[in-house]
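> When we follow the UniProt record's numbering, the leftmost residue of the sequence shown carries the number 1, and every step to the right adds one.
Wrong hints could be hidden among the right ones.
Said to hold, decoys possible - List of simulated lysine to any residue pairs, SDA-like, C-alpha gap at most 20 Å:
#1 175 / 347
#2 175 / 164
#3 175 / 288
#4 175 / 160
#5 175 / 157
#6 175 / 350
If you're looking for bench data, these hints aren't it; they were derived computationally from the structure.
Note that the structure is a prediction, hence the values are computed from the model and not measured.
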Amino acid sequence: MSATSADAPPPKAPPAAARPAAPPGSRRRGVELSLTVAAVLVSVYGYAEVGLATSGAVPRDAAGYGAGLALLAVLAHLAVRARAPYADPLLLPIAVLLNGFGLVLIYRLDLEPALGPRAAPTQLVWSTLGITLFVLVVLALDDHRMLARYSYLGATGALALMAAPIFFPAVNGAKIWIRAAGFSIQPGEFAKVLLAVFFAAYLSANRAALAYTGRQVFGLRRLQLPTGRVLGPVLAIWLLSVGLLVLERDLGTSLLYFGLFVVLLYVATGRTGWVAVGLLLSAAGAVAVGSLEPHVHSRVEDWLHPFASVDAGLGPGQLAQSLFAFGNGAVLGTGLGQGHSALIGFATKSDFILATAGEELGLAGLCALLALYALLVARGMRAGLALRDPFGRLLAVGLATILALQVFVITGGVTDLIPLTGMAMPFLAQGGSSVVTNWIIVALLIRVSDSARRPLPDLPEGAP
Numbered sequence: 001m002s003a004t005s006a007d008a009p010p011p012k013a014p015p016a017a018a019r020p021a022a023p024p025g026s027r028r029r030g031v032e033l034s035l036t037v038a039a040v041l042v043s044v045y046g047y048a049e050v051g052l053a054t055s056g057a058v059p060r061d062a063a064g065y066g067a068g069l070a071l072l073a074v075l076a077h078l079a080v081r082a083r084a085p086y087a088d089p090l091l092l093p094i095a096v097l098l099n100g101f102g103l104v105l106i107y108r109l110d111l112e113p114a115l116g117p118r119a120a121p122t123q124l125v126w127s128t129l130g131i132t133l134f135v136l137v138v139l140a141l142d143d144h145r146m147l148a149r150y151s152y153l154g155a156t157g158a159l160a161l162m163a164a165p166i167f168f169p170a171v172n173g174a175k176i177w178i179r180a181a182g183f184s185i186q187p188g189e190f191a192k193v194l195l196a197v198f199f200a201a202y203l204s205a206n207r208a209a210l211a212y213t214g215r216q217v218f219g220l221r222r223l224q225l226p227t228g229r230v231l232g233p234v235l236a237i238w239l240l241s242v243g244l245l246v247l248e249r250d251l252g253t254s255l256l257y258f259g260l261f262v263v264l265l266y267v268a269t270g271r272t273g274w275v276a277v278g279l280l281l282s283a284a285g286a287v288a289v290g291s292l293e294p295h296v297h298s299r300v301e302d303w304l305h306p307f308a309s310v311d312a313g314l315g316p317g318q319l320a321q322s323l324f325a326f327g328n329g330a331v332l333g334t335g336l337g338q339g340h341s342a343l344i345g346f347a348t349k350s351d352f353i354l355a356t357a358g359e360e361l362g363l364a365g366l367c368a369l370l371a372l373y374a375l376l377v378a379r380g381m382r383a384g385l386a387l388r389d390p391f392g393r394l395l396a397v398g399l400a401t402i403l404a405l406q407v408f409v410i411t412g413g414v415t416d417l418i419p420l421t422g423m424a425m426p427f428l429a430q431g432g433s434s435v436v437t438n439w440i441i442v443a444l445l446i447r448v449s450d451s452a453r454r455p456l457p458d459l460p461e462g463a464p
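Taking the hints into account, I'd like the entire structure generated from these sequences.
As structure tokens, then:
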């Protein structure tokens with residue numbers, strides 16, 4: 001009789017090539033570090049290039065600028081390596097590159113005396129605060145699902161932040177700033193993150209009622225409306241966005257809030273009818289307020305007739321100068337420090353900073369910048385779609401949508417595709433509130449992507 005299985009020799013271990021590979025999280029941190037160092041070097045090169053083009057010498061503080069940016073970037077990387085080893089390795093380097101290049105552009109515009117006091121040192125301070133908060137969020141937030149517990153508290157805080165500027169004087173025609181004792185802040189920037197958390201929590205808890213209950217419109221399943229109890233918050237958000245548009249005279253913020261909700265509503269339910277309803281409601285509100293509110297109406301007129309002042313013999317306005325800057329940049333640009341976008345006047349460092357990039361980097365450089373934004377948004381959405389929990393999925397998509405909508409609204413505004421608004425280009429434009437908020441958004445995406453890419457724990461033997 002042959003030997004029993006008990007007498008058989010133990011099976012040989014599989015060769016090394018056949019064994020499961022070790023989790024690649026640590027190796028991806030090496031990729032992240034390499035890309036982050038490259039992002040810092042590119043920013044320092046741009047800083048030096050501006051000095052060479054304008055004065056024929058490298059700025060004396062170029063080494064200090066590079067060391068400071070490198071220190072902040074490395075601290076951010078170490079926080080990710082310690083607490084989010086499986087996070088997407090592209091999110092942090094892209095943010096560092098955009099932030100660093102934004103500092104370069106602001107420094108370049110600081111060399112134009114007509115554009116007022118220097119803004120680059122202040123922007124560097126805000127960037128430092130933003131990266132510090134990035135580190136704190138990555139280190140302190142153990143699980144992104146903890147945020148869902150405080151969604152209603154966050155919504156209350158968001159409403160308070162959005163309403164606060166109403167009681168302060170308008171700046172450039174819009175009431176979106178709080179200025180006191182030489183200090184200014186844009187509270188609506190922070191409200192975006194709180195609203196994204198609230199929307200994600202609400203929709204993840206009510207997605208079934210939104211998708212499968214209610215009455216059909218014209219017998220079409222895609223246009224099925226939920227019950228009034230569930231539909232109420234949708235109409236409330238729309239009325240709130242239009243109300244803010246009227247009181248604060250800010251078209252961009254209103255479109256951002258409502259667009260964020262519509263996108264998340266579509267992701268939660270999968271019904272394209274919500275997108276159609278959202279577009280119709282937002283278009284109706286924009287047309288009504290654009291016709292009645294003088295400040296918004298002037299923006300619409302500038303959009304429709306950007307060269308009206310030229311035809312009237314009054315010289316080009318801001319939007320016309322922006323278009324001239326893009327045209328002067330052609331394909332390859334004039335070179336850093338060699339453009340004339342300062343002719344745009346006030347808001348060159350904020351609303352119109354993309355015109356400086358378009359003129360001095362050309363179409364090629366502008367496409368590269370937009371590709372970085374597209375990659376940042378795509379990686380954020382990819383992390384969300386890979387998650388198993390509905391709240392995390394909607395949160396990641398919402399945060400990525402905030403970035404995408406800002407880029408679209410600003411790019412469309414300065415290129416005369418849509419009416420210009422007062423929003424800031426993420427990481428690129430002058431604005432402390434904006435850069436701090438964007439670093440918080442990236443930190444949350446880092447935490448979400450770490451959860452999405454983290455390997456599942458090994459199940460015990462015999463588990464189903």
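> Does the structure break any of the earlier hints, and which numbers would those be?
The structure conflicts with no hint, since it agrees with every one listed earlier.
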